[in-house]
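Be aware that the sequence shown starts at 1, since it is given in this note's numbering, and climbs by one per residue.
Hints in this document: simulated from the structure, not taken from any laboratory.
Do not rely on the hints blindly, as some may be mistaken.
Stated by the list, open to error - Simulated crosslink set (DSSO-like; lysine-lysine; CA at most 30 Å straight-line):
| hint | residue 1 | residue 2 |
| --- | --- | --- |
| 1 | 297 | 17 |
| 2 | 135 | 124 |
| 3 | 295 | 10 |
| 4 | 307 | 295 |
| 5 | 10 | 297 |
| 6 | 32 | 17 |
| 7 | 307 | 248 |
| 8 | 61 | 135 |
| 9 | 58 | 135 |
| 10 | 58 | 32 |
| 11 | 307 | 10 |
| 12 | 123 | 135 |
| 13 | 135 | 32 |
| 14 | 316 | 295 |
| 15 | 17 | 135 |
| 16 | 10 | 191 |
| 17 | 61 | 122 |
| 18 | 32 | 297 |
| 19 | 58 | 17 |
| 20 | 307 | 191 |
| 21 | 58 | 124 |
| 22 | 32 | 61 |
To be verified - Ranges between beta-carbon positions, derived for each pair:
| hint | residue 1 | residue 2 | range |
| --- | --- | --- | --- |
| 23 | 18 | 293 | 20 to 28 Å |
| 24 | 278 | 80 | 21 to 29 Å |
| 25 | 56 | 278 | 40 to 48 Å |
| 26 | 201 | 316 | 21 to 29 Å |
| 27 | 295 | 150 | 19 to 27 Å |
| 28 | 123 | 79 | 23 to 31 Å |
Each residue gets a CB set at the ideal place from its N, CA and C atoms; glycine is no exception.
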Amino acid sequence: MPLLTVENLKTYYFTEKGSVKAVDGISFSVEKGESLGIAGESGCGKSTVAFSIMRLIKGGKVVQGNITLGGTPLLNMPIRDFRRIRWERISLVSQAAMGGLNPVYCIGDQITEAITTHTKSKKKEAWNRAEELLKQVEIDPSRARNYPHELSGGMRQRAMIAMALALNPELVIADEPTTALDVVTQAQVLKLMRGLQRELNISIILISHDLSILGQTCDRIIIMYAGKIVEMGDVQALFREPQHPYTKALLSAFPDIKSESRTLTGLPGRPPDLIDPPTGCRFNPRCPQVQDICKAKEPTMIEVMPKHYVACHQVKGAS
């Protein structure tokens, strides 16, 4: 049984102009100990997937679908019960550590509070645990008494990871955890996350618009476009043989220092308005291979190779 299962998830935001179909019928699973990446441009629904799992949607709601963790349904669970799951079994590393940390409390106190709120640990025990966690993420435990502004961006992000690991969760969701960091610090944080995943045998969902980051860190990748999954599969197969035109366009926009010199190409246009998305394939207004069927009929997800799935009319075997 997979650790996490998401089935036909639909999450909409409600505005004066209409319902924004941010996530519109996606299904996937995460195995225990697996690292799953979710990629796509801004506005494609990546973060909404994370917030749906964590039940942190504001201005909208999950209108359809099921999310189960180890067979336990999460969406209909009383919020009081889910708050325990949110820290004890699933945790979140947010995009901006400075916004996720309280500026008036030192780092140690914030990790300690997370522990004492959800367990029966005494404050001294929780403080010792906080120091252990900081050491685990390669921060000197003496920095536990520092405030967020006294730490570098990379150290703040590692402190957020320490807090996410405080109650030994089975699944950590990291939403763009390296976006605000320089390239060197990004590499350090990604190396740390890979090491912790293997050491602790936890599952990770890593959300990023940067495919190169996911390629270094994940076992499988999901490609999202306009609230839909268009391709998902093993990271090596997806990089080696991308099937969907959108995946190919994303990969062509990133340099590869291991390959021969090539001209990088951009992707004209932008994702559609999800209040009124295009009929058929939502990528059809930007697709260089578009045909009449793409504008009229939504493609179904098919397995083109073992455990490699694509939703595209142009792929062999599609209907």
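So, going through the hints one by one against the coordinates:
1. Of the pairs offered as hints, the one joining residue 297 and residue 17 holds, with about 25 Å between alpha carbons and a cut-off of 30 Å not exceeded.
2. For the hint linking residue 135 to residue 124, the alpha-carbon distance of about 17 Å falls within 30 Å, and the restraint holds.
3. With a CA separation close to 22 Å, the supplied pair residue 295 and residue 10 stays within the 30 Å bound.
4. Only pairs whose Cα atoms come within 30 Å are accepted, and residue 307 paired with residue 295 is accepted, the gap being roughly 27 Å.
5. Distance restraint check for residue 10 and residue 297: the Cα-Cα separation of roughly 19 Å lies within the 30 Å cut-off, and the hinted pair is therefore satisfied.
6. Using a Cα cut-off of 30 Å, the hinted pair residue 32 and residue 17 is violated, with the two alpha carbons roughly 41 Å apart.
7. Between residue 307 and residue 248, the direct Cα distance comes to roughly 18 Å. Compliance with the 30 Å bound is thereby established for this hinted pair.
8. The suggested pairing of residue 61 with residue 135 is violated, with an alpha-carbon distance near 38 Å, which exceeds 30 Å.
9. At roughly 34 Å between alpha-carbon atoms, residue 58 and residue 135 are farther apart than 30 Å, so this suggested pair is violated.
10. Taking the CA atoms of residue 58 and residue 32, the gap is near 29 Å; set against the 30 Å cutoff, the hint holds.
11. Of the supplied pair hints, the one linking residue 307 and residue 10 holds, its CA atoms being roughly 23 Å apart against a limit of 30 Å.
12. Between residue 123 and residue 135 the CA atoms are separated by roughly 18 Å; this keeps the pair inside 30 Å, and the hint holds.
13. Under the criterion of a C-alpha separation no larger than 30 Å, the hint pairing residue 135 with residue 32 is consistent with the structure, at around 25 Å.
14. As the CA atoms of residue 316 and residue 295 are separated by approximately 18 Å, the hinted pair is consistent with the 30 Å bound.
15. Of the pairs offered as hints, the one joining residue 17 and residue 135 is violated, with about 49 Å between alpha carbons and a cut-off of 30 Å exceeded.
16. Distance hint between residue 10 and residue 191 is unfulfilled; the C-alpha atoms sit about 33 Å from each other, more than 30 Å.
17. Straight-line distance between C-alpha atoms of residue 61 and residue 122 comes to about 37 Å, which puts the hinted pair past the 30 Å bound.
18. Taken as a hint, the residue 32 and residue 297 pair is broken in the structure, with Cα atoms around 36 Å apart against an allowance of 30 Å.
19. Simply put, residue 58 and residue 17 have alpha-carbon atoms about 17 Å apart, close enough for the 30 Å limit, and the pair holds.
20. Restraint check for residue 307 and residue 191: the C-alpha separation of about 26 Å stays at or below 30 Å, so the hint holds.
21. Pair hint residue 58 plus residue 124 does not hold up; C-alpha atoms about 35 Å apart against a cutoff of 30 Å.
22. With a C-alpha separation of about 27 Å, the suggested pair residue 32 and residue 61 falls inside the 30 Å cut-off, and the hint holds.
23. Range check, residue 18 to residue 293: Cβ separation about 27 Å, and the 20 to 28 Å hint holds.
24. A C-beta distance of roughly 41 Å is found between residue 278 and residue 80, which places it outside the suggested range of 21 to 29 Å.
25. At about 29 Å, the beta-carbon gap between residue 56 and residue 278 misses the expected band of 40 to 48 Å.
26. In this structure the hint that residue 201 and residue 316 lie 21 to 29 Å apart at CB is violated, the actual value being about 38 Å.
27. Taken as a hint, the range 19 to 27 Å is violated for the pair residue 295 and residue 150, whose Cβ atoms sit roughly 55 Å apart.
28. Evaluation of the 23 to 31 Å hint for residue 123 and residue 79 yields a pass: the beta carbon distance comes to about 26 Å.
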